[in-house]
Amino acid sequence: MLSLMKLNYKSTLLSLALFVSAASYSQTLLPNIPVATSNGLVVPFNSIIDTNRVTVISFWATWCVPCINELDALQDKIDEGKTTSFQLIAISTDEARSVQKVRPLVKSKGWTFDVYLDESNEIKRAFNAINIPYVIVISKGKIVYQKTGYIPGDEDVLIEKINQLNVSNNP
Amino acid sequence: MKKISLYFLLLLPTRLMAQIDLGKYGNISGSFESNNQLYIRDVKTNSVLPQDRIGSNNYLKADYRFQKISMGMQYEAYLPVVEGYPFFLNDAKLVQKYFSYQDTKFGLTVGNFYEQFGSGLVFRSWENRQLGINNAMEGINIRISPTNNFDLKVIYGKQRKNFDNSEGTIRAIDANYQIVKPAEINHERSLSIGSSFVSRYQQYTGPDPAFKPTVNAFSGRVNYADVTTNFSAEYIIKSKDEHTANQQNTNIGKALLINYGLTKNNVGFNLNLRRLENMGFRTDRNADQSLLLINYIPALTKQQEYYLSNIYVYNAQALGEIGGQADFYYDIPKNTKLGGKYGMSIAFNYARYHALQIIAQTPTSFESKFLGAGKQLYYSDLNLNVKKKHTAKFTSSYLLQHIYYNKSVVEGGNYENIKSTILVAEVLYKYATKKAFRTELQHLFTKQDRGNWFGILAEWSYAPHFSIFASDMYNYGEDNKQIHYYNAGGSYTTGPHKLLVSYGRQRAGLICVGGVCRLVPAATGLNVSFTSTF
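Those protein sequences? They're chains A and B, same order as listed. Everything in the first sequence is counted per our numbering, starting at 1 for the first residue and increasing by one. Everything in the second sequence is counted per our numbering, starting at 1001 for the first residue and increasing by one.
Any given hint could be a false lead.
In silico DSS-like links for lysine-lysine, alpha-carbon gap of 25 Å or less [as the list claims (entries may be wrong)]:
id : chain 1 : residue 1 : chain 2 : residue 2
1  : B       : 1061      : A       : 142
2  : B       : 1068      : B       : 1097
3  : B       : 1337      : B       : 1264
4  : B       : 1434      : A       : 82
5  : B       : 1388      : B       : 1341
6  : B       : 1434      : A       : 77
7  : B       : 1240      : B       : 1158
8  : A       : 77        : B       : 1337
9  : B       : 1105      : A       : 124
Simulated restraints on C-beta separations [unchecked claim]:
id : chain 1 : residue 1 : chain 2 : residue 2 : range
10 : A       : 142       : B       : 1416      : 58 to 64 Å
11 : B       : 1042      : A       : 131       : 26 to 32 Å
12 : A       : 169       : B       : 1146      : 36 to 42 Å
13 : B       : 1142      : A       : 167       : 45 to 51 Å
14 : B       : 1091      : A       : 167       : 36 to 42 Å
15 : B       : 1335      : A       : 164       : 28 to 34 Å
16 : A       : 50        : B       : 1105      : 47 to 53 Å
Keep in mind that the hints were calculated from the coordinates and are not lab data. Note that the structure is a prediction, hence the values are computed from the model and not measured. Quick reminder that beta carbons are idealized off the backbone N, C-alpha and C, glycines included.
Could you put the whole structure together from the sequences, leaning on the hints where they help?
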């Protein structure tokens, strides 16, 4: 009886270890926090990441001129077709004071990438972004590059990073 | 615990380039921010030198995340505090810590947390380091989502008051029901309703037996959106709440917020209307300035980027105001006759806020017409922005702004109302792939207050690391009081780490966010700030 209990105890521990191990391999380093689309759909943050491509996440706001300049510059790069494939996601950190301006601004700009809302700044806090613009590059579920602020020409550096990652991911 | 702390401290300096990946044991991430000022004597600005000529505000935040569990802390050190922040913040402490479990259907946070119900007009706990606001809750936060279209949040706790907690307690509940849920991102209509109840209790020891120590606020809201249209409305009612900041006003608090937006092709329009009546709401009846705010009442006006546009900035009047703002955005498409190869962006904003239309008044209450605007104008602001990219290297932007600013109401006191017009021209010349030169010319015209201002800025940058700048705001409108507010500095950025060094004069002024303002005193000296995310 005692040996059976010991066996059960060991197998339980083993199962637990296997479970933890399997769960650990499947986890990413990204916070699993809800994020909203501009028409009210709330989805887990992890679900918006395209794991087959390099993803660029840009934290921005309608009142932040450098943020808009950076997103405009990236949209120009996409339009010019001078980059390898990547997913661009813009997360607005506008709160109650300006969140209502996100939709009209985005529509007028004709940006082709997805824009999400982080009105309570929960995602910005989870990524520990202090100031905006703040850019994160994710490849294979992990953060591989982060950048604070925007200097004209940063978009060229970012595109170089994306191209390098695409080459190393698809040799 | 000591071993974990030691491990963390040892890892910190060596792994600052990214999150600290502990493999199957999760990861550690965080941020560090340090703002430092060295003050020097400057008779020209009439600045008062602080006792200690150095001010230093520092924040370290660290989070450990493992699957659905996260925990973290925030350490703050004011050594001593930078001028303009509350003077009693001369200390260094581990001020915030939390444990959180978040699943799709259930979430639990114990310790410090930030939260927002609806637009925040009934409840918002948040942090704004620039303004010196941190009203994080300490207590418990439970989120339950029993179905995929219903969410319930329950919070209970006290608010942060500098390095301590409030005397009063907050208990609140928020429910959101998605009547029509879009199946796809950005393509279908959605309709949701929500409601919040926020209750604040603070012991009352005064002589009035009828005085209620509990204040309750209730809100209802609706949100609708489809491909081209969006509409939202929120109404809040708050029970009698006599306190210091509202001069013991006994009116029932009421607020109405309406938003309507319309978008089509390259055009976007938004209309934002709001009425406030006695909506100041704090955890402590004696709190003032930026302390212990329960709700969030921002000025619904355009947030400005340029120096001279930030001299006369509106601050929402929680005791009573009515008004709104309209935004219009139009982007002339690329490759059109008017837009040229790169297109052109036009943005228009108009905001206007009045006093409530008062019918009757006593020293501690007033009666007003709900949808009536009083004759007294608090603020109006008209903005026209145009941005045009002419060639791959050359972009220019322009701003025309006209402001009416009731200084007596916004800042308190007895002043002449201010009318000003501001013109700005900005040019960006990206002369090489990673090198650019940017300049701004600004002018503020006014016959009131301190008269005219002229501003100039020149910035050279070399992506992704270097940027240097020099700027001057010259206030020449008053006889014998002309003064240059010059500044020069540079920054070095590498990934998520940024060092900024500047030297110059800072003008005295108000920084206002969320219905509260912080007076930034005039100062001259060296400023060094460092931010880092890991």
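Hints, verified against the model:
no., hint, in the structure
1, B:1061 <-> A:142, "holds (21 Å)"
2, B:1068 <-> B:1097, "holds (17 Å)"
3, B:1337 <-> B:1264, "holds (20 Å)"
4, B:1434 <-> A:82, "holds (16 Å)"
5, B:1388 <-> B:1341, "holds (10 Å)"
6, B:1434 <-> A:77, "holds (15 Å)"
7, B:1240 <-> B:1158, "holds (21 Å)"
8, A:77 <-> B:1337, "holds (22 Å)"
9, B:1105 <-> A:124, "holds (22 Å)"
10, A:142 <-> B:1416: 58 to 64 Å, "holds (59 Å)"
11, B:1042 <-> A:131: 26 to 32 Å, "holds (28 Å)"
12, A:169 <-> B:1146: 36 to 42 Å, "holds (40 Å)"
13, B:1142 <-> A:167: 45 to 51 Å, "holds (47 Å)"
14, B:1091 <-> A:167: 36 to 42 Å, "violated (51 Å)"
15, B:1335 <-> A:164: 28 to 34 Å, "holds (31 Å)"
16, A:50 <-> B:1105: 47 to 53 Å, "violated (25 Å)"
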